[in-house]
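*Asks:* Going down the list, the sequences are from chains W and E.
With our numbering, letter number 99 in the first sequence gets 99, and the count goes up by one each step, no holes.
With our numbering, letter number 65 in the second sequence gets 65, and the count goes up by one each step, no holes.
Quick caveat, the hints were computed from the structure, so don't treat them as lab data.
Among the hints, erroneous ones may be present.
Restraint ranges, calculated between C-beta atoms of paired labels, are given here [what the hints assert, rightly or not]:
(1) W/42 - E/173: 55 to 63 angstroms
(2) W/35 - E/19: 26 to 34 angstroms
(3) E/56 - W/39: 31 to 39 angstroms
(4) E/50 - W/118: 15 to 23 angstroms
(5) W/96 - E/173: 50 to 58 angstroms
(6) E/43 - W/172: 29 to 37 angstroms
A few chain W residues that don't get close to chain E, going by computed Cβ distances all over 10 angstroms [what the hints assert, rightly or not]:
(7) 32
(8) 41
(9) 43
(10) 45
(11) 77
(12) 81
(13) 82
(14) 96
(15) 172
(16) 183
(17) 190
(18) 201
(19) 202
C-beta: ideal position from N, C-alpha, C; glycine also.
What follows is each chain in one-letter form.
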Amino acid sequence: MPQSTDGVSATLTLMASEVPTTGIDRGAAAAEGSAIDFDLVRRAQAGDDHAFGQLIERNRRAVYRAAYAALGSAEDADDVAQETFVAVYQKLHGFRGDASFRTWLLAIAWRKALDRRRSLTRWMRLTIRHDRAEEDGPGLIEQLAAPQRSQEESLAAGDFEQKVKQLIRALPRKLRDAILLAGSGEYSYEQIGSMLDVPVGTVKWRVSEARRVLKQKLAALGYAHD
Amino acid sequence: MTEREMDTAIDRAVRDLMDVDTDAAFRARVTERLHRPVRRAWAPQLAAGAVAMLAIVVALIWLRAPQPATRTEGTAARTEPAVPSQTLGVADSNPKPTVPSSKTRPAKPTRQMAAPSIPRDTVVAAVAEMPVTSIAPLSGIEPISVAPIANTPITPPEIVVAPLSPIEEVQISPLEPRTARD
Chain W
1 MPQSTDGVSA TLTLMASEVP TTGIDRGAAA AEGSAIDFDL VRRAQAGDDH AFGQLIERNR
61 RAVYRAAYAA LGSAEDADDV AQETFVAVYQ KLHGFRGDAS FRTWLLAIAW RKALDRRRSL
121 TRWMRLTIRH DRAEEDGPGL IEQLAAPQRS QEESLAAGDF EQKVKQLIRA LPRKLRDAIL
181 LAGSGEYSYE QIGSMLDVPV GTVKWRVSEA RRVLKQKLAA LGYAHD
Chain E
1 MTEREMDTAI DRAVRDLMDV DTDAAFRARV TERLHRPVRR AWAPQLAAGA VAMLAIVVAL
61 IWLRAPQPAT RTEGTAARTE PAVPSQTLGV ADSNPKPTVP SSKTRPAKPT RQMAAPSIPR
121 DTVVAAVAEM PVTSIAPLSG IEPISVAPIA NTPITPPEIV VAPLSPIEEV QISPLEPRTA
181 RD
């Protein structure tokens, strides 16, 4: 992770009216990265395969995490990330540089991830996996609704964090996508807005709403705040 | 648990969920894929669509099959061709084939309309009882009279060609020397 823990927390707790404290540093770094990407793109467009390889190295994690946020599966995310770079290689001559390369790349990655999320084969695979999981043991709801240990014991064992993760996975897609992308610390709000095809204000609202829903559910489970 | 603690727990959980990365061989896999022939990603969707279409077609055929035409219509249509046989005795030098009109066109026999099985003896007896119909001989063909062709000479109209107008003289001015043009 390139960013500090504080930076990520600041991103997550950012509200629509707030300004991130590390905004200037992040903006400068992003501009520098964008300029490097742009130079590599020009070289790759001229037929330099090594430059394209460098573009992959510089952006693979961002693409992979975007796909993972949408799909929740490492295998699918890896496949979609590969597909994205193949598509980008084929479309590279059409890239004019109106937006930053990373924004363009992430938009393609997100579209491909959504296509995969909607695909019939994936749905069938997940259904089979879900059926097997049901046979294996109690589901998420049963686990959450029947805490057998005290809150202190659960906290000590790390169960609480697992429950929070399960609640995040159970969020409505729009809210889950927004909070995962923002919480990864990999993307700016502008990039998330471009990926989700919504204004920045909507992204911020969704992150805030996701947090509110999570806290509400935690309170309902007995983790009430004072 | 305070709200701040909940926020911290949510931050930590999200960060943990998204703390993923590709392995070192990712770039090599992409490069390999770039040189691999394009996989037809639409093939499964196309196959699913084809199966759905096939199912619809089969369902339509199955639904339409058990609707037979009424038996009386079929019987009427079958007995109709027997009618002209009684008029064969009438002298008609150039009989036209009977074309059933659209109204009396026999309905297509369906599987449910298969002819009832009639015992062979009944058929033989029915044929034996049929009255012998006499067919009148055809009348002789009248000779065709063709009027003789008139033997008149062909006189084409005279073609008058007007004389061409004289060609005007073409004046060609001499070209400028090459050095002057450059």
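*Asks:* Work down the list of hints and note, for each, if the structure agrees.
*Replies:* Results of checking the hints against the structure:
1. W/42 - E/173: 55 to 63 angstroms: Cβ of residue 42 of chain W to Cβ of residue 173 of chain E: about 58 angstroms, so the range 55 to 63 angstroms holds.
2. W/35 - E/19: 26 to 34 angstroms: Since residue 35 of chain W and residue 19 of chain E have Cβ atoms about 28 angstroms apart, the given range 26 to 34 angstroms holds.
3. E/56 - W/39: 31 to 39 angstroms: The hinted range 31 to 39 angstroms is violated for residue 56 of chain E and residue 39 of chain W, with Cβ atoms some 55 angstroms apart.
4. E/50 - W/118: 15 to 23 angstroms: Given range 15 to 23 angstroms: holds, Cβ gap about 20 angstroms.
5. W/96 - E/173: 50 to 58 angstroms: holds, 56 angstroms
6. E/43 - W/172: 29 to 37 angstroms: Holds: the Cβ-Cβ distance is about 32 angstroms, inside 29 to 37 angstroms.
7. 32: At about 22 angstroms from chain E, residue 32 of chain W clears the 10 angstroms cut-off, so the statement holds.
8. 41: holds, 16 angstroms
9. 43: holds, 16 angstroms
10. 45: Non-interface label stands for residue 45 of chain W: nearest chain E Cβ at 15 angstroms, farther than 10 angstroms.
11. 77: violated, 7 angstroms
12. 81: violated, 6 angstroms
13. 82: violated, 5 angstroms
14. 96: Label holds. Min Cβ-Cβ 22 angstroms, cutoff 10 angstroms.
15. 172: holds, 16 angstroms
16. 183: Violated, because the least Cβ-Cβ distance between residue 183 of chain W and chain E comes to about 3 angstroms, which does not exceed 10 angstroms.
17. 190: About 19 angstroms separates residue 190 of chain W from the closest Cβ of chain E, which puts it past 10 angstroms; holds.
18. 201: holds, 21 angstroms
19. 202: holds, 19 angstroms
The structure fails hints 3, 11, 12, 13, 16 (numbered hints given earlier, in ascending order).
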